[in-house]
Every structure is written in C-alpha cells, then in structure tokens.
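Going down the list, the sequences are from chains Z and X. In our numbering, each residue's number is its place in the first sequence (first place is 1) plus 611. In our numbering, each residue's number is its place in the second sequence (first place is 1) plus 611.
Calculated from the structure, these hints are not laboratory results. A hint or two may mislead.
No copy is singled out in the list; a pair is fine if it fits within one copy or between any two copies.
What the hints assert, rightly or not - With a straight-line cut-off of 25 Å between C-alpha atoms, the simulated DMTMM-like cross-links for lysine to aspartate or glutamate are: (1) K972 - E1022; (2) K905 - E854; (3) K899 - E628; (4) K742 - D659; (5) K985 - E755; (6) K632 - E1029; (7) K842 - E696; (8) K787 - E733; (9) K905 - D945; (10) K753 - E976; (11) K753 - E700; (12) K899 - E1029; (13) K985 - D669; (14) K809 - E652; (15) K972 - E857; (16) K1005 - E847; (17) K809 - E639; (18) K905 - D629; (19) K1005 - E732.
Number of protein chains: 2
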Amino acid sequence: MKFFQVHETSDVLRLIEDTYKPLERTEEVSLYEAFDRVLAEDVVASEDVPGFDRSTVDGYAVRAQDTYGASESMPAFLDVSGVIEMGKEGGAIAPAKAKYIPTGGMMPSGADSVVMVEHAEEVGSLLNVHKQVAPGENVIKKGEDIQAGSRVLQRGHRLQPQDLGVLAAAGVSRVKVFAKPVVGILSTGDEIVPPETKQLRPGEVRDVNTITIGAALQSMGADVLYGGIVKDDLQEYLRRARELFEKVDLLVMSGGSSVGTRDFSVQVMEALGEPGILVHGISLKPGKPTILAKAGHKPVVGLPGHPVSALIVFDLVVRRIVNRLYDRTPHPFDPRIRARLSRNLPSAVGRSDYVRVRLEKRDGEMWAIPVFGKSGLISVISESDGVIEIPARKEGLLQGEWVNVNCFVTERGIVSEEEDLSGRHSAQRGTEETPDCC
Amino acid sequence: MKFFQVHETSDVLRLIEDTYKPLERTEEVSLYEAFDRVLAEDVVASEDVPGFDRSTVDGYAVRAQDTYGASESMPAFLDVSGVIEMGKEGGAIAPAKAKYIPTGGMMPSGADSVVMVEHAEEVGSLLNVHKQVAPGENVIKKGEDIQAGSRVLQRGHRLQPQDLGVLAAAGVSRVKVFAKPVVGILSTGDEIVPPETKQLRPGEVRDVNTITIGAALQSMGADVLYGGIVKDDLQEYLRRARELFEKVDLLVMSGGSSVGTRDFSVQVMEALGEPGILVHGISLKPGKPTILAKAGHKPVVGLPGHPVSALIVFDLVVRRIVNRLYDRTPHPFDPRIRARLSRNLPSAVGRSDYVRVRLEKRDGEMWAIPVFGKSGLISVISESDGVIEIPARKEGLLQGEWVNVNCFVTERGIVSEEEDLSGRHSAQRGTEETPDCC
C-alpha cells in the first residue's frame, strides 16, 4: 500500500501561487459585457473627466470678483446675458455679466464660479446676487475628477458595477480582460451514475460532484466542460482524461483519489504530462486525499469523491487556482464574519480542520453552531451557512471562543440600520434543530 | 415649483414589500443551469438517500452479534464468502459469514454492521476479527440522509452549489425556478451621450448609469434590456418609455427625477398606468430625488441622474424590488462587516445618510475611512469598499464608533487562518491616500 505524502495546508496554498501561472489568453469586451471579468492590463483614462468646467449646482455662472462683498442687505448687480443649456457649449461672459447654468452645465469662458439659484434673484434682466462666491466655488474643473492618461484601474481587478462606471465616464468603452478559464470536470467511480438517471440500480449513487463543482466554477465565471463519469478502468480513464485535458485550462477530477486498488487517478495524472504530481494528500480534514498536479503549464486537481469534502477542497484550493489563472487581485479585505463558537471542538495538532457551521443570533451576538453528521451524509451541506477552521497549530477550539466564519452565500446591496434582521435566519431555516451529533 | 413629498427610508423599504408582487412566470431548468436561480416551489426528495444501506468504511460486512467479545487477543472467526463491488448488488450473507465491502458499497442482506479493514485480517478464507462492532456501526441506513418525500429546499431559495448537490443526490434533476426578471434601463438628459461615443462635443457627458445599473442588474441574474438615452422631450420620452415598458418586468429610468422644468420623469411615470407614482423623494442622502411607481402590476423606478447617487439607490432600493420579483428569501444573516469610524460624521436628524468608506486594518482593527469628494465626482465610486449608514434618528456618528459596512465586493471561498491578509488591501489600492476633503 502506497502512503500519502501529506503536505501542510499553508505549504499547499503557497505552492499554488508559486506553481501555476496566469493564462495569457485575453479578449476585448465592451462595458456591457465586462461585469465580473478580470482586467488583463492596466487601464488609463482616455480623456479628462469632466471634459469641461462644470457647474455642480443650478445657478448663475459669474466672475467671482463681481460678487465680492455681496450680501442679503447689499446685493451685487449683474446683467443676465443668457441661459446655458445642458449638453451645449457654455459660450462666454464679459465682466459684470452672468448666465443661468443648470447642474452639470458647461461653464462659459470668463466665468470662474457659480452663484446658487437660492442666493440670486432675477429682476428683469438684472441679477441681484445676495451672497459672494469664491473663485472655483460650485465648479468642477476639467480633469478634476479623472485626468486623461491617469491609471484608473489595475490589471487583475475584477470589474464591479462602480468600476465600469468610472471606465464609462473616462471614455473607455472596451477593455482587455482575461479569457474565461475553461475548466473540465471528470467524475470517477464504478458506483457513480449521472444525476439525471431515471432509476438507480442497487448499489448505484448519483454523481453529486459534477453538479456542485460545476456550479462553484460557474460562480467564478469559468466556462465548464462536463466530462461525465468514467468507470474505474485505467485505459478508459486515461483516454477520457486526455481527451478532456486537451480542451481545458484546468482539469478537475473527482473521486478515485484515495489510496486503493481502484484508484487510478495518480497514474492518470502522472500520464498527462510533466512535471506530474506535486501534492498527494493535504493535512486537512475533510479533504486529505487531494491531489495537485501540473501537466505542461496546466493545473490538474484530484478532489476527494465525497461531496462534502470535495466542496471544502474546492473552496480552499481550487478557487485559488482559478484566481491564479485570472491573475486576479485578492479580495481587498477579510470577508469572514466573526461569531462565537457554541461548543468545544477538539482537533489534532498539525492538521487543519474545517467544520461546517450554522450562524445564529443569540442575545444580539452571532454564534457559530457546528453542523455535524455521520461521515457520508450529504444533506448537511445545505444546512450550514459557512465553514470555520481549526488551525493546524491548535488542539481544538473552546466553547465561546471567537471564530472567523467563511460564509457560503454572499449578497451585495445595502442593509439599512432601520431593519430588524433577527427574523431572517429562522425564516429560511424553519424551526428544526440540526442535532449536534458527531 | 413643485416640492418633493419626501418619505422616510424605512417607510419606503416596507412599501416595497407591500406593493410589489412576485412574478408568477416560472421555468424548468436542469441542475447544470440552476446555479443562482431562485426556486419557484418547494422541492421534495424523489427517493431515499442513500438508496440502500451503505458502508462508510472499507471493511467487512458482518452480523454484529457474530463479533461480540472479539478482541486483539481473542479474535472472532468468520468465513469470507465474497467481495462486494462498488455499484453492484450487495447480495446476502449467512450467520458467521462476512463479505469484503468498500466505502460506499451496498450492504448485503443479513449483515447489519461493518468491521473496519484495520480491525480484521484475512487468513485464507478465514477472517480474524479483532474488534467487536455494534449493530449499525459504520453503516448509513437507506433514507438516513434524506427521506423520499421530505422537503429539501423551500420556494424562494437561491440555489447555491451545495443546494444543487443535495438535489442531485435526492434524484431531483430538474427544478422549477422563477423566470429571470427582464429589466429595462432608460437614461435621460440632453447632455448624456452613449458611453461608446468617439468624441464628446462641448457640454456632453457619457452615460454612466446605463453601464453601472446594467451591471448591477446582471449581478442579480436579471436580463437587462438597454433602452438607450432619451433627450429631455416629453413626447419622445413617453413613446420610448412605453415601448420599453411593454417588454419588461421592471422599468428603471435614470436622470430627470429632480424637480425642474426639464424633468418629465414624473409625467412619464404617471402616464404609464395606474396607480402611478407612490413615492416621490426619499429622505436619504445621496438619492433624495428617487421616484417609485407602479403601472399595472409592474414596478417603475426613477433613479437620480448622478452616478454615485444612482448606485446607492440601486443597492438600497432597486435590489429589494428585484428580489421581490423573485420572491427571494432574504439573506439569512447580516452580511455587513464591523469597523470603527475614522472621523466624526455629522448628519441631519430625519434623513438617512449613506457615506462611502474605504476599509483599512490598523493595529489589528478594521477601520472605515470615509471617502469624500466634491459633489459630482465619479472617480470616488471605485475607490471605496462599501457604504455605511447614518440612521435617520441620529445627528451623526462619532470618531471611533463601531459601524456596519455594506461591502460592494463579495467573494466566496475559504480564507485560511494561516494566511496573512494584512497586505491585501494595500496591494490593491496602492499607497495613495484619498484626501478626506468634504
């Protein structure tokens, strides 16, 4: 029997950064298609924003010095010499003249500031100004927001709505982004049948990993090629793996990665190309029988067959590999939620344990409640909100300790302070208590 | 001049829940296409999971009572009567017999437990069992994970990878989901030109809201119909709005929603159908000139023209309307990140203020640094990580106070406790300091 060469989790995460290289395949897309794509080059502004001196209020464009000393009791008097229309040239004004200007309107030459409409009164063609303005007041200068030629976004940035807005404003209507990585999934196991199989025969089990890992890849913007299921037959496995491998940027295989006579994954991964297997076995639970390999420049991953383990390893390891292919800038801050642990959790030193938890608010504090189940149960995976880690250096975690929860579901948008969120969780999960059995 | 009828933010959020109704349009999709879709009905399991009594270890299927009293020094002796293959029938065993069974293999009838391979030794056809097992040990019973007919997921649930896995396991290969809402976007303003315009003329400004709001809608899984830009001409505006309105489930108009002679949005929204305008003006900053209407059963929203305001109102208001169309279950817990405020922020009682912030880790604590800019600047929107609220009941927030940050970028996946996240933020943002000017 061959043994795992088990690596520490932290070593594996470093190895991913060091070993796999970004795809150099890029494409150009319009801003309408660029949401959530990853920039393949720095972007510089094509033009000044705004493109002209612009009023920030409804009012009168003036020369500031013509208003000096003006007050409620002692207004300044200017001649109104016209109206500036939105989207049109601002024209010019002479000293002691003023033009009506709407918010966003183009400043006329000769004017350097805007008197707000609230502080002025038109009497015939005469403007009474009740408040003085300083040069530049209520005006954004040409290029003050964004300067032509300045870098607005960096390579590796994942384009969000606000970023696309800045690009639109800066006159950038197409961007070069990384091509979506093409990822192949191949399931193995004599007992595994396609999820859409009408009637299972005795001993058969539906393929769960193709569905979960496929969806997780979709959530990262990857193009997924579903390779189906290969039975535990080395030649067939090798043929099908090679066929899929040729078409993809990353090959993910699930099942067949533990040590056993039926487990050909290692042989297949070695046969795909040099340098071959880099990691066989990671010191984590669940997920120990994970394999990382590289064939030519392409990463190949062997996930454990058990769906709960496969998803943990996907979230910890495969996501990083996909982000590496995109050369994506890491998330700028820690996205984990702090919560207190509801019970003691023992663990072994030297191994990273990942424990699924449900989140619950108790007396205003967030608590993480471990969701256990007999090994092999799958229903637990949709009953939990996230995962906590018992780090390799620790013997366990104590009840009441603060932990960081990696949440599965994310949502954008603004929650108002006025809202009462206390009912949210129970609304989704019903009143059933998941038993804390182990 | 007509004045806003300003509503409190909390009233508006309630009104959305009360006024707009879920779409009844549904469609059936396979699990391969169901990621992030919203269930239109409860889903019950089609079959028991597992579909047969299943071993959770590699070992020998036995009758527990045949092992009672067995120990290292006094093994029990059983006859090995065969090998169970993955994906095949388990067959049967007689008393005092055993069959080899792999992890996930089907239990033979007559057996009730599995002796782990580590605790048994085959000597010829004789099995020496060194440890007794209890009935049910190392076995998952048929239906123990999920029972046929039990509800596995509820209507309104947004399908995540783990949920799809549970459905796959339970023999559900197609699900009924809400149709994606079709949302139309129409921009207005004489100064606004398409973002892809080659060369701006004096006074013109590129359309930012079409891009940002379109991307934000895409992030929610909506199908976006881009209606383009309509100039400030009532008849043209009405014709184009009606044309788009017919094709969509929700119409979003941007610009033209403040009180002024050029602002026809109110007239257009009233003309689209009964009951017409429900809210004109919300007591929030930025975003006051927001309009909510309903024409027939369809929601219509008028967003402020300024891109920064439009995005805030989208995240606070429009997201809820879209979620309402899906009848989506709210996010199960508070997704906001806690941080300390870096400076005093004054505000007006009775108005909800939304302030963009940058997140920064200082001495191990997360701080929220307000990102200000002259009114009208757009570059600030991609320089911030999220938004905090100064609630309507408060006069402001104090430096050092803990606040809840609604973050713009979300990311799934597991962060390891072994990782040093301190460099992440500066890596993205460079070392430039955004001036805290107001």
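When the hints from earlier in the document are held up against this structure, which numbers fail? Of the numbered hints given earlier, those the structure breaks are 4, 8, 9, 10, 15, 16 and 19, listed in rising order.
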